[in-house]
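K.L.:
If you read the sequences in order, they're chains A and B.
Using the numbering used here, the first residue of the first sequence is number 231, and each one after it goes up by one.
Using the numbering used here, the first residue of the second sequence is number -15, and each one after it goes up by one.
Please keep in mind that the hints were generated in silico from the structure rather than gathered at the bench.
Some clues are possibly wrong.
Pairs of lysine to any residue, SDA-like flavour, derived with a Cα cap of 25 Å [as the list claims (entries may be wrong)]:
| hint | chain 1 | residue 1 | chain 2 | residue 2 |
| --- | --- | --- | --- | --- |
| 1 | A | Lys676 | B | Leu65 |
| 2 | A | Lys676 | A | Gly686 |
| 3 | A | Lys611 | B | Ala20 |
Which chain A residues stay away from chain B? Per the calculated CB distances, all over 10 Å, these [as the list claims (entries may be wrong)]:
| hint | residue |
| --- | --- |
| 4 | Arg265 |
| 5 | Gly346 |
| 6 | Gly365 |
| 7 | Asn394 |
| 8 | Gln411 |
| 9 | Gln420 |
| 10 | Gln435 |
| 11 | Cys446 |
| 12 | Gly480 |
| 13 | Val508 |
| 14 | Asn597 |
| 15 | Arg612 |
| 16 | Val652 |
| 17 | Gly670 |
In this text, all values refer to a predicted model and were calculated from it rather than measured experimentally.
For every residue, glycine included, the Cβ atom is placed at its ideal position computed from N, Cα and C.
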Amino acid sequence: MERFDVAVIGGGLLGCFAARNLCRWDASVLLLEAREDVCTGISRANSAIIYPGYDHKPGTLKASMTVRGNEAFGRLCEELDVPFSRCGSLMLSYGPKADAVLRLKYDRGLQSAVPGLSLVSGREAEAMEPCLTPGVSSALYAPSAGTVNPWELCIAACENALQNGAQLSLNTSVLSIRPEQDGYRLITTQGDFFARAIVNCAGMQADQVQRLIFPCDVSIHPTSGDYLILDRDAGLHPSHIIQVEPEDGGKGLNAVPTVEGSLLLGPSERENGIDWSVSEAGLSFVRRFAGQVFPGFSEEHIIRSFAALRPNPQRPDGSSIGTFVIEHPAPGFRSLIGVKTPGLTCADQLGIYLAGETAADLRLSPNPDFFPGRSGIPRMKRLGFDARCKAVRQNPDFGELLCRCEGITRGEVLEAIHRGAVTLDGLKHRLGAGMGPCQGARCRQKLIPILAEALGISEEAVTQSGGDSLVYGGADGTL
Amino acid sequence: MEHCELLIIGSGAAGMSAAAAAWKAGVRDLVLVDGASAPGGILRQCSHRGFGRAVFGSEITGPEYASFLLSGLQNTGVRLLTETEVLSVTGNRRALLSSRTGLRELGFQRLILAAGCRERSIGSLPVTGTRPSGVFTAGQAQELLNLRHRLPGREILILGSGDLGMIMAAGLQEAGAHVIAVAEQEDHYGGLARNYHRFLEPSGIPLLLRTTVTELYGSGRLTGVLLRQLDTGAQTHIPCDTLVTVVGLIPDRTLVSGLGSPDWLSFAGNCHHVHELVDSAVAEAASVGRLAASALAASKHDPDIFPEVRGLYR
Ligand SMILES: Cc1cc2nc3c(=O)[nH]c(=O)nc-3n(C[C@H](O)[C@H](O)[C@H](O)COP(=O)(O)OP(=O)(O)OC[C@H]3O[C@@H](n4cnc5c(N)ncnc54)[C@H](O)[C@@H]3O)c2cc1C
Ligand SMILES: Cc1cc2nc3c(=O)[nH]c(=O)nc-3n(C[C@H](O)[C@H](O)[C@H](O)COP(=O)(O)OP(=O)(O)OC[C@H]3O[C@@H](n4cnc5c(N)ncnc54)[C@H](O)[C@@H]3O)c2cc1C
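Isolated chain A (complex conformation):
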């Protein structure tokens, strides 16, 4: 049985950042993920906003971590070589009730030391964002808000952890956990592991994973939400993140100009879901709302709709919990349960916190060799002419374009596979292949043979996202 100091359960944003930060300590770290790749759970679908921190009650862990996480985000993304756009956000009000909410958020923001926060008039907001429907009554401007590609960030954190010696075990589901002398035995689909401490970041299953060995008062109640994406050429390009505080106090809307250049709209809120299905009501909510806020919104430019899952934490009496739930049922065992927004903003901060606490339990000393930097896959479209020429000269694969929408070359695809992509979604999450206007219609069939060859499998065995998501007709697909 392999022995580790710490086992992290779950390769989502929280687990990958926990693993990364555990490497700051002199510890052997194992990251266990049930699926074929990291970032395939809750983390794969969210609003991609790096929140400024005015939404939460001042003095709470959530408020302070969000402000700190936001402030550190620029450096984090530099370290991890991930594009980050600190575009700022405008939260809009169209009436007196929402005006009052914005004033409350403004006051909270000031108390939490959110930098640069200001309340602006409707006219100022409309001047800052000419694409808005006129009639804005006031807006809360937060220059520190930003956006990042959550997939790239999550994968970067995982790669950085691996560079620092962590071990990743994919396709590994934790089935049960037993106490052992000085630690725990994890019984998984890939055999048993011993760990002195466990950090449980199992996302939607985090409550159940804790119950494998300890009681857990908090339960996760899943709901879902729907999003729409508009393509780059939609002509609708707010330069800030636009958020709407509705006058009736209901669900608002986010419009996020993503780092890829598309516009992300959503999410809707619904009660029904534990699956990833998009609902009709949710889609029409987002469409209607977007049409109200942006006169230039046109359904012609929608290129995709998708659903996200929210892990809502609840007490035994069914009441919901607004704070971050960090359970600590026994020494050396910690669970993050039901972390939703702003879990992306706080992922690294939560990781630092969990790693620090676990290190104290185990009396670990700092790791002097920890290296915070990671280099991303060399992206041809982000290089200047000379650098790109040089890259192609060194490796002709960087000259061969495969994806026209996102400008992806064979060299980048091979590198993504080398770094762990085993499915089409794995390539999408690492490179953006299939995210552009044609949604993979032109590149998908070029990527499949490359994946198959590199993985040593048949083209019929290539999947979209693991499991039975075969792309071609299955083993008998060949004519």
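Put chain B with the ligands on the given structure of chain A with help from the hints.
P.N.:
For chain B with the ligands alone, coordinates are given in the frame of chain A:
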């Protein structure tokens, strides 16, 4: 930096036709570039007969049509660069080209964009449910079947009765798949009558008019779709493992999207507007090529012309 007089992007039917016409009209410094490994564009995957009635008077296959157009470029000095993708075009008339042999800038005087069109994807429709694998555009299914000799699946529903939908319905059935039906939201099939009579009608595949797909099922691979009859509202769950979509073609002008409409730029073929028949794309592109040639000739400084003009006013 290298230079040429006329750059044509895309060597599909339109690009080749424009190149041949421009050469014939006197352009001698002409580059035709395509990211694909061979010229022909969409024709390469259209292995059915049905092309070229107007131009050749007989019906040939797509690849035959493409080689015919290519033969028109033989013995000309048109420089054909395949496996060379144009990454960007700038307002100061430079194109950035990428291939395995390197990156280079190419200056030009005029540009004909003949980059074809792209297919709208299912993502653009208000379809609910999961996002499983097993959903193909008709172009993908056609390429898979005709160039890679594979079936996209076994139990197939086709959404959209444009020409491509009807052609693919018959083609997939012939290749051994079970094509359940072709669903069409309008009250009449979308493509040409002759394609209906040649492909869909004899296949016996049901054409469901005023019907669309509203929901997808399956957590991994597609397991079924929900069909809605638009007049009655009746919904039917159809088990299937594959959905082929034919929901629209969009001229692909991404390369010049930020450039406005400079006088040195023209469009040919499906990049100009979507052509139902290759013959019309070829005919239109030939005139675009000819016009580009005369625009180039007109802009040439002919030193002898000035004394001549001056003479007119003496
Ligand atoms: C709709 C929505 C929008 C959001 N928007 C934002 C935003 O704009 N800004 C922001 O800051 N935050 C946002 N968030 C929050 C953020 O996305 C989440 O906090 C974060 O993704 C949670 O990640 P996770 O690691 O807990 O979960 P996951 O990504 O689900 O990771 C858990 C992993 O554990 C694995 N696992 C489960 N059980 C086992 C087992 N037994 N053995 C092994 N592995 C197991 C799963 O396969 C999964 O990969 C949003 C959240 C939602 C839901
Ligand atoms: C699937 C399908 C089936 C059809 N069936 C029939 C039929 O049965 N009968 C009939 O008469 N007509 C048919 N047509 C119509 C006709 O064949 C087409 O209209 C015609 O072939 C289009 O030619 P094109 O040159 O405009 O575009 P395309 O053939 O699409 O050529 C565009 C070329 O541009 C290249 N390109 C694009 N962007 C770049 C770039 N950035 N850098 C380098 N190269 C680039 C592409 O690689 C491609 O080779 C069909 C059309 C389609 C789409």
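K.L.:
If a hint holds in the structure, say so; if it does not, say that too.
P.N.:
Do the hints match the structure? See the list:
no.: 1; hint: A:Lys676 <-> B:Leu65; in the structure: holds, 20 Å
no.: 2; hint: A:Lys676 <-> A:Gly686; in the structure: holds, 16 Å
no.: 3; hint: A:Lys611 <-> B:Ala20; in the structure: holds, 19 Å
no.: 4; hint: Arg265; in the structure: holds, 12 Å
no.: 5; hint: Gly346; in the structure: holds, 31 Å
no.: 6; hint: Gly365; in the structure: holds, 27 Å
no.: 7; hint: Asn394; in the structure: holds, 34 Å
no.: 8; hint: Gln411; in the structure: holds, 41 Å
no.: 9; hint: Gln420; in the structure: holds, 21 Å
no.: 10; hint: Gln435; in the structure: holds, 16 Å
no.: 11; hint: Cys446; in the structure: holds, 26 Å
no.: 12; hint: Gly480; in the structure: holds, 21 Å
no.: 13; hint: Val508; in the structure: violated, 5 Å
no.: 14; hint: Asn597; in the structure: holds, 40 Å
no.: 15; hint: Arg612; in the structure: holds, 13 Å
no.: 16; hint: Val652; in the structure: holds, 14 Å
no.: 17; hint: Gly670; in the structure: violated, 8 Å
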